[in-house]
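Student: Listed below are the residues making up each chain.
Number of protein chains: 2
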Amino acid sequence: MPQLGLLPKRAWAALFSQLLRPPPSACTQAVRGHSQGTRDFSPQQMVVREKILDVVVSCFKRHGAQGLDTPAFELKEMLTENYGENSGLIYDLKDQGGELLSLRYDLTVPFARYLAMNKLKKMKRYHVGKVWRRESPAIVQGRYREFCQCDFDIAGQFDPMIPDAECLKIICEILSGLQLGNFLIKVNDRRIIDGVFAVCGVPESKFRVICSSIDKLDKMPWTDVRHEMVTKKGLAPEVADRIGDYVQCHGGVSLVEQLFQDPRLSQNKQALEGLRDLKLLFEYLTLFGITDKISFDLSLARGLDYYTGVIYEAVLLQTPAQAEEEPLNVGSVAAGGRYDELVAMFDPKGHKVPCVGLSIGVERIFYIVEQRMKALGEKIRATETQVFVATPQKNFLQERLKLIAELWDAGIKAEMPYKNNPKLLSQLHYCENTGIPLVVIIGEQELKEGVVKIRSVASRGEVAVKREDLVTEIQKRLSES
Amino acid sequence: MPQLGLLPKRAWAALFSQLLRPPPSACTQAVRGHSQGTRDFSPQQMVVREKILDVVVSCFKRHGAQGLDTPAFELKEMLTENYGENSGLIYDLKDQGGELLSLRYDLTVPFARYLAMNKLKKMKRYHVGKVWRRESPAIVQGRYREFCQCDFDIAGQFDPMIPDAECLKIICEILSGLQLGNFLIKVNDRRIIDGVFAVCGVPESKFRVICSSIDKLDKMPWTDVRHEMVTKKGLAPEVADRIGDYVQCHGGVSLVEQLFQDPRLSQNKQALEGLRDLKLLFEYLTLFGITDKISFDLSLARGLDYYTGVIYEAVLLQTPAQAEEEPLNVGSVAAGGRYDELVAMFDPKGHKVPCVGLSIGVERIFYIVEQRMKALGEKIRATETQVFVATPQKNFLQERLKLIAELWDAGIKAEMPYKNNPKLLSQLHYCENTGIPLVVIIGEQELKEGVVKIRSVASRGEVAVKREDLVTEIQKRLSES
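Chains as they are written, first to last, in the numbering used here: chain U, 8 to 488; chain W, 8 to 488.
Bear in mind the hints are in silico, worked out from the structure with no lab data behind them. It should be emphasised that the depicted structure is a prediction, and the values quoted were computed from it without experimental measurement. You may find that some hints are simply not true.
Note that identical chains are pooled: a pair holds if it fits in a single copy or bridges any two copies.
What the hints assert, rightly or not - List of simulated lysine-lysine pairs, DSS-like, C-alpha gap at most 27 Å:
no.	residue 1	residue 2
1	K276	K483
2	K223	K300
3	K356	K129
4	K126	K381
5	K430	K420
Let's have the full structure, built from the sequences with the hints guiding it.
Tutor: Rendered as structure tokens:
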């Protein structure tokens, strides 16, 4: 697994306090030209992204996932009913004749559509791709309208909680592999939430909107959420207060046991099913050795309509500056859950295919790793060039072209200046600035003697090798380094 | 360089004759659910795509390119003026408030916008990404409305034709590396085309539309193109005939020499510039050893408005079934050219940044390689799983979960059945069907003895190893295979 470098605790604390503020001006500047809320990724950023995606995709493949790709747009009607209050964030295409289309909002709905369309009863797949959401001026908070998602999902009728436990294991492997510091995965179950709503006296017609309010608890204090539920969503104050007693609970498997004994909740069939599954889940997570990363948290709701069972969300914890301080939540970096009814919505006969999955929040991770590398002063090479073909000679292009073609044909990564008469010093400077390790130098003298010089940029040492041995010699040096 | 398997000549001939017809029913079927003209890529297709993109991107990196990523949509005004007659094919987003946006039509215009926006005077970059075009019912001909492009471009003011020659070298390396059989790169120059138009008497206002007609010569015979120019575009018949004399010429560097002597063309300043550059280009291509792949072809026009100098297009040649037959063009698989004015269009002060680049037509290549693998009967593994954790025992889930977590934590790609009581035979069948090479078997007996069995799926041989040596033993076997 590629390692991405560790940061001392103090540096982490500083970094995370930055993350809680709007992104620094460099980031704002990159957005300025794109008032549409999107951004370009520079070569240096692309290198970081490639490394992170490599860790993520390697983990998905380690768990036996197959790759899948679906189009950027879907039929509009496929998308509109699945995102609750967020449906207004879907980008529609202009009606230019033909079907009405919309840009995908996530990778989950297209996956469900794919399963139904191809009548697949089971599949373990991953998908890395862009999704689009018309978020309003949230750019200043580091949210963009185009972003990358990395999803892993398991579809199929299996024995309970085995695939669900694997999803949580995958989140742990990825977040550990990326060395993002301490993290916690909050777990809850939609059936427990619904059970809580029912026993607290929420009318069933209000379940979804109240769930959306609860979902805001990671960004808003309870009093604000309560206010929203009572004034905007018309909930009776005493009902809101009863909900408040529950959603402030969090703990381990002992909380599951405790709720089994809860006089009101234990009367609710749905809640009991959820609690029974969570108990089993904790058993499997113990065998995977990851329960220390898991918190059963009744405030976790997840905004999307399609979840039907267990739900989860991973947050990074700020390493506390002082021992007595509480670890600080710096935002969600992975999330997912079970959605057993979604595929049936796309199947003409309504056949069900139970699914569970997860999505890695790579955009936030990109940002954190990028900031960490800057903090560590790590220089990122934007190219992988191994050899630079240089000359001290004027009008020596022909020999250089012949030589570099030989290197390319041998699979060696090589560059040369696109000039007839480049200056040797500026060629050497270029190598130092861009981190190219080797320079091949050829001039009149070398040509006459049938040799070329190989220069190490780091040591500045030069040796002459026979022209015909050049490729072998370079390959030897590259394999040694 | 990964090798993709060679096909006997006869199989190629059969394959290519298929390619000239509409795609077979399997392909049509995959499209049926997507009347919007897009498609999903199955896990098997994704494996093929990944291998091909790996060859392409490795070559781009070998030539020192940096990665870049730009958003799927751009401001509509950025796109509308650059695609000539094809502007109608641009997908617009619905006006939902804010700027008017369109999906990108290619990766070249966003690259030029990026250079201008960041005031970059030089850059060598590659970009792999989707683009979208509202092509009409062309799906039956294997063209889709969403497709992947792989672009490599060199921006900057350099000595003439050095980067241009490198672009042609890259096309050769990629097409050879993918072992697509014989190919030819047609080369021409926009200035020579304009020169031909001028000396034949085409009014300057008609240059672009006549160029679009010429561009159809690879799909239509000259008589049809002539008809279009005369009746639809209002060209005088004698002017069309004069053009006809030129555009039917093709050859090597000797044709360049011949046109230098052409009494009419040699009077045209633009044409002379183009010819001079082509002569230099041929000199560099000789040093790269690739002139046998190059044909100077006056019928090559390229539809896009932004080209200003050399243009090129690579076509695969059908290996003739009989020696006396002409090789047959089966369509373009790579193309590009020089566009020196495009960046200036996006720069507020109109600063020029000369550019040259290429785009690999990976969709067509995907299709060809996929068909070839089918023809060869090659089975494609959709996962990379190395080990399957099986059991002959009922209620043995706990031990399996502990064991597989160990494998995952050691970086081993492993799967297990999501069942409490799986049948051993069906577990072994699954491994045979999906190509998993090793099975780890654990049951009561093994647990008691402190061992596990490792089974080779190919040989069906089994050995018992100590439980604590499992990971080391598996790693040893995987590194040997």
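Student: With reference to the structure, classify each hint as holding or not holding.
Tutor: Hints, verified against the model:
1. K276 with K483: neither (69 Å within a copy, 51 Å between copies)
2. K223 with K300: Classified as within; 22 Å inside a copy, 62 Å across copies.
3. K356 with K129: within (17 Å within a copy, 57 Å between copies)
4. K126 with K381: between (48 Å within a copy, 23 Å between copies)
5. K430 with K420: within (22 Å within a copy, 51 Å between copies)
Hint check: a violation occurs at hint 1 only; the rest are consistent with the structure.
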